[in-house]
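Each chain, letter by letter, is given below.
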Amino acid sequence: MIKVILMLIFFICCSTGGEIAMTHGMKQVGEPEGFRPRALLRFLGKAVRNGWVWFAVPLLAASFYSLLVLLSWAPLSVVIPASAFNYVVGTFGAKYLLKEQVSAKRWMGVVMVCAGVLLVLVTG
Amino acid sequence: MSQEYRLRIKTLFMVLLMVLCANLGDLMLKRGMLQIGAVQISPSGIWHALLSTIHNGTIWLGILFLIGFTLCYMTAVSWADYSYVMPAGAFGYAVQTLLAVVVLHESVNAQRWIGVVLIVTGVLLVGQTYPTTTGAKPVAS
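For the record, the sequence lines run as chains A and B.
First residue of the first sequence: 0, per numbering that gives the first Met the number 0; consecutive thereafter.
First residue of the second sequence: 0, per numbering that gives the first Met the number 0; consecutive thereafter.
No lab work stands behind these hints: they were computed from the structure.
This structure is a prediction, so every number in the text was calculated from the model and none was measured.
Heads up, the beta-carbon is just placed ideally off N, CA and C, and yes, glycines get one too.
Certain hints may be false.
[Said to hold, decoys possible] Partial pick of chain B residues on the chain A-facing surface, computed with a CB cut under 7 Å:
#1 78
#2 92
#3 113
#4 114
#5 117
#6 124
#7 125
#8 128
#9 132
[Said to hold, decoys possible] From the structure, some residues in chain B lie toward chain A, with a derived Cβ separation under 10 Å:
#10 74
#11 80
#12 83
#13 84
#14 93
[As the list claims (entries may be wrong)] Listed next, the in silico DSSO-like pairs over lysine-lysine satisfying Cα-Cα at most 27 Å (straight line):
#15 104(A) <-> 9(B)
#16 45(A) <-> 9(B)
#17 94(A) <-> 9(B)
#18 9(B) <-> 98(A)
Full structure from sequences and hints, please.
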């Protein structure tokens, strides 16, 4: 049981950590100048030269593999709530690490999405 | 057209493209793996499955869509908040359920419909907030 809990914590940290690092990196890159092929290629070129984007890649890969390991260790009823819980942890990360302003309305939306994903995945 | 309106429209477009790519990618991977058949859990079985996936066009199409999803996600968070894009992306679960009913004629129980309603309401609530709150750079320089 302890190893499942530790792996769940590892999965949530890697998943939200990877997405937060990716967002931070992309904010440094800035939005594309336009949506023409040349502008998009320049945008992509800037993204692949950003350190935070490369920091995110192994974290996201680790989150994917830890999810596979979790699925082989624990029943879906344990793993799925953890995936849905990511939305709440991610919003805390956005608020405190990325300094985003999360209003009451956005929090309410996130909690509803989290509950909805839980219901859809459990019955899926 | 006001700047806020443009920002909302381009964020909505990118999130919809993201959801479309993710759903089509998952669908292609599922179809490709059905063509390959169940993977035998043995060294030779895993090796055979690996070779089959490399030679399967549907799997490659799925991978292409998932790369498209990643690029759309990266583009969206280059201007919009993570706490905006992440829950909005969950809209895909609602689309999956609708596709299951309309295209595959699957029966969906009440609990799952309640989940879909919660997701759609949650996404609509998040969608009413301003997409960016961190003063991100408007254009890459």
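Results of checking the hints against the structure:
{"no.": "1", "hint": "78", "result": "holds, 4 Å"}
{"no.": "2", "hint": "92", "result": "holds, 5 Å"}
{"no.": "3", "hint": "113", "result": "holds, 6 Å"}
{"no.": "4", "hint": "114", "result": "holds, 3 Å"}
{"no.": "5", "hint": "117", "result": "holds, 3 Å"}
{"no.": "6", "hint": "124", "result": "holds, 3 Å"}
{"no.": "7", "hint": "125", "result": "holds, 4 Å"}
{"no.": "8", "hint": "128", "result": "holds, 5 Å"}
{"no.": "9", "hint": "132", "result": "holds, 4 Å"}
{"no.": "10", "hint": "74", "result": "holds, 6 Å"}
{"no.": "11", "hint": "80", "result": "holds, 5 Å"}
{"no.": "12", "hint": "83", "result": "holds, 7 Å"}
{"no.": "13", "hint": "84", "result": "holds, 8 Å"}
{"no.": "14", "hint": "93", "result": "holds, 8 Å"}
{"no.": "15", "hint": "104(A) <-> 9(B)", "result": "holds, 21 Å"}
{"no.": "16", "hint": "45(A) <-> 9(B)", "result": "holds, 21 Å"}
{"no.": "17", "hint": "94(A) <-> 9(B)", "result": "holds, 23 Å"}
{"no.": "18", "hint": "9(B) <-> 98(A)", "result": "holds, 23 Å"}
Hint compliance for this structure: no hint is broken.
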